[in-house]
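J.: Listed below are the residues making up each chain.
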Amino acid sequence: MSDIATPGTTADEHGHDLGDLELPNGRPAPAPLPHEPRRADVDPKAARRAERQVSTMFIVASLLVLAFLAAYIGIDKNVVIALPVIGTMSASNLALGLTLGLALFLIGAGAIHWAKKLMPDIEVVQERHILESSPTDREEAISVFQAGATESGFGSRKIIRRSLITSLVLLPLPLVIILRDMWVTPSDSPSPNELLSETIWTEGERIVTDGSYRPIRPEDIPVGGLVNVVPASLEKVEEAEGTLNARAKAASILVRMTPAEIRSQQGGSAEEPWDVQGILAFSKICTHVGCPISLYQQRTHQLLCPCHQSTFDLADSAKVVFGPAARRMPQLPITVDSEGYLVARSDFQEHVGPSFWEQGAS
Amino acid sequence: MNSMAARRRHPATLVVMLLLGLLATGAIYAAVDSGTSAQAADQKWSETQVETGKKLFAEGCSSCHGLGGQGSSIAPTLIGAGSAAVDFQVSTGRMPLAAPGSQAPVKGVIYSQAEIDAMAAWVASLAPGPAVPSDAMLDTSKADLAMGGELFRTNCAQCHSFAGKGGALSDGTAAPTLMNATPRQIYTAMVTGPASMPVFSNATLTIEDKQSIIKWISSLQANDNPGGLSLSRLGPVTEGLFVWVIGLGALIIVAIWIGVKAK
Numbered sequence: 021m022s023d024i025a026t027p028g029t030t031a032d033e034h035g036h037d038l039g040d041l042e043l044p045n046g047r048p049a050p051a052p053l054p055h056e057p058r059r060a061d062v063d064p065k066a067a068r069r070a071e072r073q074v075s076t077m078f079i080v081a082s083l084l085v086l087a088f089l090a091a092y093i094g095i096d097k098n099v100v101i102a103l104p105v106i107g108t109m110s111a112s113n114l115a116l117g118l119t120l121g122l123a124l125f126l127i128g129a130g131a132i133h134w135a136k137k138l139m140p141d142i143e144v145v146q147e148r149h150i151l152e153s154s155p156t157d158r159e160e161a162i163s164v165f166q167a168g169a170t171e172s173g174f175g176s177r178k179i180i181r182r183s184l185i186t187s188l189v190l191l192p193l194p195l196v197i198i199l200r201d202m203w204v205t206p207s208d209s210p211s212p213n214e215l216l217s218e219t220i221w222t223e224g225e226r227i228v229t230d231g232s233y234r235p236i237r238p239e240d241i242p243v244g245g246l247v248n249v250v251p252a253s254l255e256k257v258e259e260a261e262g263t264l265n266a267r268a269k270a271a272s273i274l275v276r277m278t279p280a281e282i283r284s285q286q287g288g289s290a291e292e293p294w295d296v297q298g299i300l301a302f303s304k305i306c307t308h309v310g311c312p313i314s315l316y317q318q319r320t321h322q323l324l325c326p327c328h329q330s331t332f333d334l335a336d337s338a339k340v341v342f343g344p345a346a347r348r349m350p351q352l353p354i355t356v357d358s359e360g361y362l363v364a365r366s367d368f369q370e371h372v373g374p375s376f377w378e379q380g381a382s
Numbered sequence: 144m145n146s147m148a149a150r151r152r153h154p155a156t157l158v159v160m161l162l163l164g165l166l167a168t169g170a171i172y173a174a175v176d177s178g179t180s181a182q183a184a185d186q187k188w189s190e191t192q193v194e195t196g197k198k199l200f201a202e203g204c205s206s207c208h209g210l211g212g213q214g215s216s217i218a219p220t221l222i223g224a225g226s227a228a229v230d231f232q233v234s235t236g237r238m239p240l241a242a243p244g245s246q247a248p249v250k251g252v253i254y255s256q257a258e259i260d261a262m263a264a265w266v267a268s269l270a271p272g273p274a275v276p277s278d279a280m281l282d283t284s285k286a287d288l289a290m291g292g293e294l295f296r297t298n299c300a301q302c303h304s305f306a307g308k309g310g311a312l313s314d315g316t317a318a319p320t321l322m323n324a325t326p327r328q329i330y331t332a333m334v335t336g337p338a339s340m341p342v343f344s345n346a347t348l349t350i351e352d353k354q355s356i357i358k359w360i361s362s363l364q365a366n367d368n369p370g371g372l373s374l375s376r377l378g379p380v381t382e383g384l385f386v387w388v389i390g391l392g393a394l395i396i397v398a399i400w401i402g403v404k405a406k
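Just so you know, the sequences run in chain order A and B. Quick note on numbering: the numbering used here labels position 69 of the first sequence as 89, and the sequence is numbered without any gaps. Quick note on numbering: the numbering used here labels position 178 of the second sequence as 321, and the sequence is numbered without any gaps.
A few of these clues could be false.
To be verified - As a list, the in silico SDA-like pairs of lysine to any residue whose alpha-carbon atoms are at most 20 angstroms apart: (1) B:K308 x A:C327; (2) A:K136 x A:P57; (3) B:K197 x B:P271; (4) A:K136 x B:W400; (5) B:K404 x A:A70; (6) B:K404 x A:H133; (7) A:K136 x B:A398; (8) A:K136 x B:I396; (9) B:K404 x A:L138; (10) B:K406 x A:A60; (11) A:K136 x B:V403; (12) B:K250 x B:A317; (13) A:K97 x B:L372; (14) A:K136 x A:A60; (15) B:K404 x A:R59; (16) B:K406 x A:A70; (17) B:K308 x A:I106; (18) A:K97 x B:G370; (19) B:K404 x A:D61; (20) A:K339 x A:G288; (21) B:K404 x A:A66; (22) A:K136 x B:I399; (23) B:K308 x B:L372; (24) B:K406 x A:D63; (25) B:K406 x A:V74; (26) B:K404 x A:D63; (27) B:K197 x B:L240; (28) B:K404 x A:P57; (29) B:K406 x A:D141; (30) A:K65 x A:S75; (31) A:K339 x A:E281; (32) B:K197 x B:S255; (33) B:K406 x A:A129; (34) B:K406 x A:H133; (35) B:K404 x A:M139.
Hints are computed from structural coordinates only; laboratory data are not their basis. Here the structure is a predicted model, which means the values were calculated and not measured.
Next comes chain B alone, as it looks inside the complex (with noise of 0.2 angstroms):
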């Protein structure tokens, strides 16, 4: 201890120290910005992967969207769609459809990372679209929590209600709610915009506002609840029927316990 305290009075240790503050300062610079500058680009697909991709989407979606991806009149065409589409639709379950409805309900995933990836890359290379994000445009480490919630209630909470739980919209539509979604879900819904939701794209949101919206969503799915039984925080309806049924229940029964005769 006392050798430690030593050195560090020493004349050049200030000198070393800005030194290696400068560097450490500069390196993480250098690798943070060689992640973000690529952000424009879609991600480099193999020719295999378009190669795969192109059966599996023979196989698993041509029956409706068509061999070329070109679309039906039951579904539509994914030329322009993009590899964000793709991603978003399939690794949520919406996609392949059950059957067709007013919005495709999320269910189980069938599709591996590996063949999600495949089918996006063929369609990415049919024509450009919006592209699934590099980890680095997904690094919410440096983005403003506070201006996420702000971003998030002017842009989201109104379909998605301000606890991030989802809500109605009408004709048997219903955003959902984001309490599952990933951080690339969370992106690729937002660049696509798929079902009712509109696209919000990256020139009037951008990679920096997407990261905020994506922190705030993760602090709220990541919210301890302290109150407990939160009614899926529907807000008055749940809130209001719980009371009126769980609550008057409960002192009718205490009444009625006062005012019988006991035996």
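Bound-form chain A, shown alone (with noise of 0.2 angstroms):
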């Protein structure tokens, strides 16, 4: 306990010294809180009862533990039980969920219940010791450096000393060439401004329902009718390619409104309409942060993308009206094929998806 006590100072009720106590800043330590002594400290029938209570919440986690077992043995995984409130939920996980947890929650308790109650509770000051070392380990620590030091060399021979201090400044340059091919590519490979302004819709390419690979005629969109489409060679481009990385940036949605309903498009002419017939074709991908998104909303033709309620209007060149996304979502040129099914015109005329450092460099 206490060492530090000085005599002739005060003691508690227990006997130990709590002595004067200074504080650091030389202001003497405020006087400890008078002890009181619990009910189990005074009257043996109250000890005997915390004891008891101990022990049952021991006796009560053993007999869980135990039900745990039989539950886990006895109970069928498919059976399905209707609780209030929660609803229905297999009954297999709430029998071992309660009897498990519950028996480690008593465990828990019961412990922190004996330290509380029957356990001592006396005031105990805990001496703390200066973290510094003596001065003979500090002086011999500083000895055996210096030698060391003379022994090796390090000071005198100068030719060591500085190729060791140049391959350590070479050291870090791997790192830096590294990171520097992260956005300076080499000339015979794309840029990933070229890899992320293509996608492989193409003049002529054949719009097909996503999951489905159906063409789609213009009559089989009503006025108000949103599709999910892809490019019509996604399937084979897919299997070649091993990837997600075409459908990543070729998603579309085709959407109808009354022509009369379209305010602005983001191109074409009289001649050459980017729509047909009111059907329009927009990307997919959010050009916030490239969450996927088909929320249009028909009566108001607008598109709500989930992850951070970016809003665009499509009947208005996919205009945002809202949130965070800062461009407008690219639509994409399309017209009818001779056998009458919608293609589309051209490629995306503007990047897809999120925007990046490099947009617009070539």
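Mind assembling these two chains? They're in different frames, but the hints should get you there.
T.: Pasting the structure below:
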């Protein structure tokens, strides 16, 4: 216990000398609160009651562990029970969770109850030592270090010292070169800008339904309709590349509104419109951070992104009307081919997906 | 048993069994085929149904939609809306509308199915439009559940959530939960596009595709939920709230109990 007590100072009722403690700023430490004995300290009945409570918790915990084993073996995992508020759930999950969880809780609670009610609750002053080593230890360490420095010749052998420092200075260079290649590409491979500017939509590429890959005629889409679409060649490209990169860039949606409702489009002329009788095609990849969006609200013609609530007005060039997106959704120019199916006029004329550093750089 | 076993080994058994099997396959095919081939045509409504529907419409709907169903400044025209739209809006309790708002709320259904059919018949008689499905069109016994899941995730999950529990849209509108939707309501919603929902026509999402989606939604509805409290399956928002309020709250209470001096 406290070994810094000085004679003639106060002691508590347990005989522990608390001493005249001093705070680091030189002021005397506040006097400890008077110790109040607990009921279990003065009343043997209360102590026995606390003992019973603690042991009961431990016994119930043991029983719950056994119940866990019984439930694990005995309850069929397919049995489902209905509970108020919670609804239906697996009886096995419920029994296993309750028994093991309560057992763990009761062991912990019992230990704490034991400590609080029965273990000694006297105030104890814990002494803290100075972290600094003794002056002898410090002198010893310094002399060992200096002896090492002299014996190794680090101070006197200049050629070794300088060559070591040179190699350590050069060591971070590979890291710099590797990081540099993230944005400076060799001339023979496409730059990130080129990779992200192109999708597999090309002139005459059939527009097909996503999932079922069926070509679409204009009359298949009613006013107010929405179709999630991909290029017809996507299946083959995905098979050849073995990745979903092409899908991530080319996924699109078709919506149809009455031509009078379209206030503006991103391009096209009277002879070569970008829409087909009110059918408009847009990228499905949000220009904010690239969530796929098809939450088209047909009454307002707004496209809503579920991730950050960016909202685009598809009747007005897909302009951003709300949310964090900085660019409109790119429009895909479409027309019909000789067989009457919807096809792309060209690739997207703007970058699909989220903006990036080199966007617009050549 | 022994006599059965003896007969089973008779040389003619194979031929008889083959014939029986072929007959059964043919009969089942004929029954199913006749059902699905009539899918495009609207149900045949009787004259009395149209007449009854006209009267019911005049009483319950015409104040907003007009006596001829032509619509008004506060309600859309029903000419060309089709029987499917009437069936969906009235059988889910969305119509008749209690008060105008951003979206018609689901409430108690006040018409019987026969009355709904009659009104659907009258609206269908105004102009051709999306028709209510026949029972054969809603038969999902042959539907592809896995394909239904893929189509659901591509076309429906964005608004109605992956679990079909619905989700928020903009301007006070929301995609409703699908947990109480009947196959007929799922079908009629897809072909008519009620409120903010776009139309998914039978050309781009075929009857078979729709059957697959209905089968998938039915499997979501029948999900036993082994984990217990699903917290509406809304994802991190409700789960986070639950952990921060209930979980952290319980930890704080225990910490206080540990720290308080015993009496």
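J.: Each of the hints needs a verdict: does it hold here or not?
T.: Hints and how they fare:
1. Distance check on the hinted pair: B:K308 and A:C327 sit about 17 angstroms apart at the alpha-carbon level, within 20 angstroms; holds.
2. Proposed proximity of A:K136 and A:P57 is supported: the alpha carbons are some 12 angstroms apart, at most 20 angstroms.
3. With a CA separation close to 16 angstroms, the supplied pair B:K197 and B:P271 stays within the 20 angstroms bound.
4. For a cut-off of 20 angstroms, the pair hint linking A:K136 to B:W400 stands: about 10 angstroms separates their Cα positions.
5. Restraint check: the Cα-Cα separation between B:K404 and A:A70 comes to about 15 angstroms, which is no more than 20 angstroms; the hinted pair holds.
6. At roughly 11 angstroms between alpha-carbon atoms, B:K404 and A:H133 fall within 20 angstroms of each other, so this suggested pair holds.
7. With a C-alpha separation of about 13 angstroms, the suggested pair A:K136 and B:A398 falls inside the 20 angstroms cut-off, and the hint holds.
8. Only pairs whose Cα atoms come within 20 angstroms are accepted, and A:K136 paired with B:I396 is accepted, the gap being roughly 16 angstroms.
9. Only pairs whose Cα atoms come within 20 angstroms are accepted, and B:K404 paired with A:L138 is accepted, the gap being roughly 12 angstroms.
10. Our distance criterion of 20 angstroms between C-alpha atoms is met by B:K406 and A:A60, whose separation comes to about 8 angstroms.
11. Straight-line distance between C-alpha atoms of A:K136 and B:V403 comes to about 9 angstroms, which keeps the hinted pair within the 20 angstroms bound.
12. A C-alpha spacing of about 15 angstroms is found between B:K250 and B:A317, which places the hinted pair at or below 20 angstroms, so the restraint holds.
13. With a CA separation close to 18 angstroms, the supplied pair A:K97 and B:L372 stays within the 20 angstroms bound.
14. The straight-line distance between the Cα atoms of A:K136 and A:A60 is roughly 10 angstroms, inside the 20 angstroms bound, and the hint therefore holds.
15. For the hint pairing B:K404 with A:R59, the CA-to-CA distance comes to about 12 angstroms; that is within 20 angstroms, so the pair holds.
16. A distance of roughly 11 angstroms separates the Cα atoms of B:K406 and A:A70; the hinted pair therefore holds under the 20 angstroms criterion.
17. About 16 angstroms separates the Cα atoms of B:K308 and A:I106, which keeps this hinted pair within 20 angstroms; it holds.
18. Distance restraint check for A:K97 and B:G370: the Cα-Cα separation of roughly 12 angstroms lies within the 20 angstroms cut-off, and the hinted pair is therefore satisfied.
19. Of the pairs offered as hints, the one joining B:K404 and A:D61 holds, with about 13 angstroms between alpha carbons and a cut-off of 20 angstroms not exceeded.
20. Note on A:K339 and A:G288: the hinted pairing holds, with a Cα-Cα distance of about 17 angstroms set against a maximum of 20 angstroms.
21. Pair hint B:K404 plus A:A66 holds up; C-alpha atoms about 16 angstroms apart against a cutoff of 20 angstroms.
22. Note on A:K136 and B:I399: the hinted pairing holds, with a Cα-Cα distance of about 13 angstroms set against a maximum of 20 angstroms.
23. At most 20 angstroms may separate the alpha-carbon atoms for a hinted pair to count; B:K308 and B:L372 meet this at roughly 14 angstroms.
24. A C-alpha spacing of about 12 angstroms is found between B:K406 and A:D63, which places the hinted pair at or below 20 angstroms, so the restraint holds.
25. Pair hint B:K406 plus A:V74 holds up; C-alpha atoms about 16 angstroms apart against a cutoff of 20 angstroms.
26. With a C-alpha separation of about 17 angstroms, the suggested pair B:K404 and A:D63 falls inside the 20 angstroms cut-off, and the hint holds.
27. Distance hint between B:K197 and B:L240 is fulfilled; the C-alpha atoms sit about 18 angstroms from each other, no more than 20 angstroms.
28. Note on B:K404 and A:P57: the hinted pairing holds, with a Cα-Cα distance of about 11 angstroms set against a maximum of 20 angstroms.
29. Between the alpha carbons of B:K406 and A:D141 the distance comes to roughly 11 angstroms, so the proposed pair stays at or under 20 angstroms and holds.
30. Distance check on the hinted pair: A:K65 and A:S75 sit about 15 angstroms apart at the alpha-carbon level, within 20 angstroms; holds.
31. At roughly 15 angstroms between alpha-carbon atoms, A:K339 and A:E281 fall within 20 angstroms of each other, so this suggested pair holds.
32. A threshold of 20 angstroms between alpha carbons decides the hint, and for B:K197 with B:S255 the separation of about 15 angstroms falls inside it, so the pair holds.
33. Proximity of B:K406 to A:A129 is assessed by CA-CA distance (about 17 angstroms); at most 20 angstroms being required, the pair is judged to hold.
34. Restraint check for B:K406 and A:H133: satisfied, since their Cα atoms lie roughly 12 angstroms apart, inside the 20 angstroms limit.
35. Distance hint between B:K404 and A:M139 is fulfilled; the C-alpha atoms sit about 12 angstroms from each other, no more than 20 angstroms.
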